[in-house]
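Colleague: In case you want the letters, here they are:
Number of protein chains: 4
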Amino acid sequence: MTITPPVLSVFETLESEVRSYCRGWPAVFDRAQGSRLTDEDGHSYLDFFAGAGSLNYGHNNPVLKRALIDYIERDGITHGLDMATTAKRAFLESFQDVVLRPRDLPYKVMFPGPTGTNAVESALKLARKVKNRESIVSFTNAFHGMSLGSLAVTGNAFKRAGAGIPLVHGTPMPFDNYFDGQVPDFLWFERLLGDQGSGLNKPAAVIVETVQGEGGINVARPEWLRALSELCERQDMLLIVDDIQMGCGRTGGFFSFEEAGITPDIVTLSKSISGYGLPMALTLFKPELDIWEPGEHNGTFRGNNPAFVTAAAALNTYWADGQMEKQTLARGEQVERALLAIVEECEPDSVSFRGRGLVWGMEFQDKPRAGAICRRAFELGLLLETSGPESEVVKLLPALTVTPEELDEGLRTLARAVRETA
Amino acid sequence: MTITPPVLSVFETLESEVRSYCRGWPAVFDRAQGSRLTDEDGHSYLDFFAGAGSLNYGHNNPVLKRALIDYIERDGITHGLDMATTAKRAFLESFQDVVLRPRDLPYKVMFPGPTGTNAVESALKLARKVKNRESIVSFTNAFHGMSLGSLAVTGNAFKRAGAGIPLVHGTPMPFDNYFDGQVPDFLWFERLLGDQGSGLNKPAAVIVETVQGEGGINVARPEWLRALSELCERQDMLLIVDDIQMGCGRTGGFFSFEEAGITPDIVTLSKSISGYGLPMALTLFKPELDIWEPGEHNGTFRGNNPAFVTAAAALNTYWADGQMEKQTLARGEQVERALLAIVEECEPDSVSFRGRGLVWGMEFQDKPRAGAICRRAFELGLLLETSGPESEVVKLLPALTVTPEELDEGLRTLARAVRETA
Amino acid sequence: MTITPPVLSVFETLESEVRSYCRGWPAVFDRAQGSRLTDEDGHSYLDFFAGAGSLNYGHNNPVLKRALIDYIERDGITHGLDMATTAKRAFLESFQDVVLRPRDLPYKVMFPGPTGTNAVESALKLARKVKNRESIVSFTNAFHGMSLGSLAVTGNAFKRAGAGIPLVHGTPMPFDNYFDGQVPDFLWFERLLGDQGSGLNKPAAVIVETVQGEGGINVARPEWLRALSELCERQDMLLIVDDIQMGCGRTGGFFSFEEAGITPDIVTLSKSISGYGLPMALTLFKPELDIWEPGEHNGTFRGNNPAFVTAAAALNTYWADGQMEKQTLARGEQVERALLAIVEECEPDSVSFRGRGLVWGMEFQDKPRAGAICRRAFELGLLLETSGPESEVVKLLPALTVTPEELDEGLRTLARAVRETA
Amino acid sequence: MTITPPVLSVFETLESEVRSYCRGWPAVFDRAQGSRLTDEDGHSYLDFFAGAGSLNYGHNNPVLKRALIDYIERDGITHGLDMATTAKRAFLESFQDVVLRPRDLPYKVMFPGPTGTNAVESALKLARKVKNRESIVSFTNAFHGMSLGSLAVTGNAFKRAGAGIPLVHGTPMPFDNYFDGQVPDFLWFERLLGDQGSGLNKPAAVIVETVQGEGGINVARPEWLRALSELCERQDMLLIVDDIQMGCGRTGGFFSFEEAGITPDIVTLSKSISGYGLPMALTLFKPELDIWEPGEHNGTFRGNNPAFVTAAAALNTYWADGQMEKQTLARGEQVERALLAIVEECEPDSVSFRGRGLVWGMEFQDKPRAGAICRRAFELGLLLETSGPESEVVKLLPALTVTPEELDEGLRTLARAVRETA
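Just so you know, the protein sequences line up as chains G, W, D and H, in that order.
Here our numbering is used: position 77 in the first sequence is 77, and no number is missing along the way.
Here our numbering is used: position 83 in the second sequence is 83, and no number is missing along the way.
Here our numbering is used: position 200 in the third sequence is 200, and no number is missing along the way.
Here our numbering is used: position 98 in the fourth sequence is 98, and no number is missing along the way.
It should be emphasised that the hints constitute simulated quantities derived from the structure, not laboratory data.
Bear in mind the structure is a predicted one, so any value in this text is a computation, not a measurement.
Beta carbons are placed, not taken as given, at the ideal position from N, Cα and C, and that holds for glycine.
There could be a bad hint or two in this list.
As the list claims (entries may be wrong) - Taking CB as the label site, the calculated pair distances span:
no.	chain 1	residue 1	chain 2	residue 2	range
1	W	P287	D	R221	49 to 57 Å
2	D	R221	G	N132	18 to 26 Å
3	H	E344	G	E190	28 to 36 Å
4	D	G295	W	P26	55 to 63 Å
5	D	R221	H	S44	39 to 47 Å
6	D	R221	W	A161	32 to 40 Å
Construct the complete structure from the given sequences, taking the supplied hints into account.
Modeller: Right, dumping it as structure tokens:
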């Protein structure tokens, strides 16, 4: 496929320099279906990024699309603040019936505003209010969002510097396997907590991703998550699982922490919760934590009702039985086999890979190579992104609805890009 | 109209106690058109709140609806991160042609995430980065959002307490008319700035609303805004106008600051920018301030393309000529006349009113009366909200597309509610 | 008198550039008695600075000197941490009998470390602990010390910048007469406190100097102090009077707030409390505030026992009757008359003066002139310093034990320096 | 010896509850000589605490006493702000000749105010100014002082809570041997520094004690200090050694870091620098760091000239040759032998000990026993204190001038107290 660089004039002249993805993918996209995007020149791209995990059911999923258009056609409430609506009720009931009850999860549901960072901000507020402490522990290479509260528990130095003020009240701890098994889990954290002279302000909560997506596809082991959960309980700290990118089935189960068998105190969801790429977020918490005063946290777009409609449709369509989880794990095995083959073709120790469900990462010793692979993949019609603190990891985040054939096609393109950048 | 309290079960049992509007309006809304909502029992409500200013063109505006459905039907990109898309280009071009160019505004456009607080957070980041100072001046009774950065420049003590940490780096100054003309404008602010011993950390920026919506419909005079703008220039501080609620035509002109003839350094827009109640926000700034590094601020839902579609349609439909502004001012005069009549019927000095364009407030000396009026209005089928630090102001925020007849109907209901709560 | 610039070698080569007073007074001082210093070349200087208010009883006061030498000779405890000692008991008893009881002041006494900033830090800690709030209100041009807690409530921008971090949790309010009577007292402060939407974090305490020494000899009126005291009580904020420079008789009474008839909740004392220029400080507070845990605040040099000895001697010698106060007020009138005469000789409106007791300031419209006068005075054998945010005020701070003749001599020298810099 | 509890009335009724040492040593001390204190009832106490390390040359050392009385008698300058004085010059010259030059140390000397916390505050200010970063790394169980800047880098949770505000901008790292050799030195610190996604704000400086006195007599190995010094250099962070308690010969050499062969960028000294227990402190730094503006940090009691006199006398008397160091090491061996004997008498693993020079600690598994030993020692006429986060360590800090006989006497009393509390 030959790609003529498009005339990006209005983007280049009017839009801010802050834009980023569009630089790596110099095309003007026009429409999309499932795992395919088409640009205005008619070129087709296979999508292995899925809106950074916001499109687990693919672009413009036809089932959800139908529900959405019906809702708009019949003039259902579009903007509902936090008013009770029939669409919100339908969503809440589906969420209760399809997600919470079968998993025996006792959570109350909060609509904190339609983005992930709204959910994280509300989770941190609630934890601080409940425990009456200001300090939060996060992990190395965590990513939780870009507003000041979330940014303070995010690891990336470049993003943090963007705050323009010193970020405080957060302390990083080593994520699972940070020292390649050299050091017992939580050795440092537990010592600090147990030592009255350690200088660690007692945390209100710990916030963790089970798989760090932005941080480089770092996968926490179930036993590490269980130990963390126990540590939190023992030390009277709340456990917040930020499941914004890894929830909604990305790792197999609906919640990424199910595999570990833990029940976090607070959970944040966003990205794929609406199912259709529409802005929506949830904050879930144990009922005894629901000490919010009415309106203590609010926001204009908490009631994005079209998103509730597609969200309910997605739950009812994909999560009423265990098929989705099985399929994701099967697709994951397909990816794993392909990555293993790619790695075996490479120089020994030049690349490693890891993942869970349908999130995978390939880390290159030669760090810039990851970016080169993504650039080459784009030329070959495959959308791939890097992650990790130095963009050294190629990140695979296909839609969960990707077909085995699409997956195979994309993995072959990836293999070619790897070869061609060796 | 008789209203049977609905069974709100799932809202009461599953949704968090943080919900608020739904408590004052105990109905389950189902659909909406223009200025009317209908609940699931078929009751109809006239809407004088307009999604807190997010529905300036009414609910489910038919022109925008058509564009939206067409876009969805043809599988236009829904979730676009910050990728270039045809929908984004169409929006940017419309925004340039219809909004910026005719007003000679030189702004670069940033998509900071789809909510107002995203826009404010990005504005504060940028100001701090540009000036390399951390301090921001805000005004008494300001409201800028609920994430930590925005909350630190918000006045409301109850909302601030929700942060769970001391909010820092912000200093409040008196808003226009805070002392009823007793004190020269900016006396305190200018003295602090001019005095090397004042203890004020030199601010990077000043953030202001031209009309404080949440703060109680406090209207800044054009001359006050001009003086503020000059003060900022003289003192090397950036001027940020938060036009999230008052922009998009609410006060007449597209931007609320046009009347004052100033050009802020940074402008935030959200709420009605999508035109259809879909989450969307913009941060505008002078080109020389565009020193962002690629990706220094980001967010998953920056590219809510359906919102771009309705936003472009709204601009092209309503702002290609000067009709909208004229109509809003005319409707505003209708409101003003009605409020004057209501006030003249009341006890002397028990109530005052103020406003601009189609945002008006009635302040009651007997503060709880404002709430009582809203409750009575709801029973009479009119949606009205209070604002102000002690909810002492009845706030009128009808859609700009409200008909004179609807306006008249609502104002008569308001008059009745005022009478019946005397 | 001709002064040969001394060879300051070790000061210039070894001592840090941070040194300051020695730059304005380029002499190497050797010994001192009363109001006179002598440099190593035998030149004599009349001292109108008195160790920035630390030498209210003059240099090496013979009565205190005798007590000090006797104590050292007999091997009295020198360094006593916070142990009970006979010297500490003697001081505490004198302080109770001579200072607290006659004034009906109920204070508990804390030894917070031997410097003023230790006292301020402990006062702020205690206020925050008692009220469980972090915010402190200070005043424009306040000076409270150079450690981070004290610096955050200090006004001077240059000193604040030295912190190297943003100083937070303090909010400045206008000091008495900040607007030359244009604005009612406390208008801004009271409005902020009364307005739930003001954005002011509710303060734990207000810290104030009755006369701002470093800030430019700004004298608060008794009625302003009374109104402040009432405001604090009404609003449940603690009132801290920082009497470090203005206490110990500087303004006439032992405490500078006696004239206003108020009883602050917390008082800080240092500088002249030891009477001999030895490091010592006290924090006084109402007994119900004494909720400190043992050792919650500490410090190595809290028990500078030689200072307790001279402190007790000073109290017993000078404060057992009302003579000191009368004499100070008489000397103050002498100063006032002389300054009036000087001012009358000057260009109209080019200079103003103000003061209380034995602290006076002359403010020059031509700001650098104040420094020029001090430089000329030094050449003429008089030690004088500037103060104020732009060093525009000549500050008179003679020892309280200065004789009328010495006062007259110094004031004549001052008059000459004023004339010669016209 | 029988001790009648004294009537502590004025201490109990007038002095604040914050007092601490006096509670463990319920006597009223009157005079002292060398290593002996005498209370007002004539009881004598052997001092193994030495003013928390402020009395390295014993109480009222006769050589220094002579110099001090001579100086006072001849009316030398007592209070000198930062003016040049003959006493200051003599001190600076001695410090240069006796301390800096023989050790080839290039430091500039700053007088930051007369207490340790003044020195630490100035060191942190300077580091932040030089590096233009706000973050400081300190170590577990560090103690650096009680004003807000110093407290933020202090580990003790009880002291930190006293601040009344969240302490920020400091991050604790594990001190040497924190994990009993289980973990490679600086593994965590280096990983955080090297990882762009770690979430650690890049530090301006690292502040460390070579032996943590308050923290429990934790001794850093020379190789650990060297590695830290190299890490700081490699990572462009300043190294601050807080030598307030461990400097002035406590560990053998004049500076405690000499043994490790490192040259810190900044050094703080206080406690024993005056030699006589008089308040005095120094901040030393490499000349290229001396970017202070005149007066950017100041303080009233920076020029405590009597302390300069005793300080110079101490340097000239004790440090002109290498005798002091040799003697301290010899006395240290005497202590070590005695502690070994005591420990061997105890239950296995119930107690351990460690130290360097003349600072030693015995840690008891049964934590309250350390306090019981100190109480029993007091009854037996020996002043001993505990340290460590839970006061589980008996701390030996005798004067460096203690005689072998006194040392033997005290160690025998200690042994008896240990036995009697078994």
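Colleague: Give a verdict on every hint.
Modeller: Now for the hints, and whether the structure bears them out:
no. : hint                           : verdict
1   : W:P287 with D:R221: 49 to 57 Å : 52 Å, holds
2   : D:R221 with G:N132: 18 to 26 Å : 42 Å, violated
3   : H:E344 with G:E190: 28 to 36 Å : 33 Å, holds
4   : D:G295 with W:P26: 55 to 63 Å  : 56 Å, holds
5   : D:R221 with H:S44: 39 to 47 Å  : 57 Å, violated
6   : D:R221 with W:A161: 32 to 40 Å : 36 Å, holds
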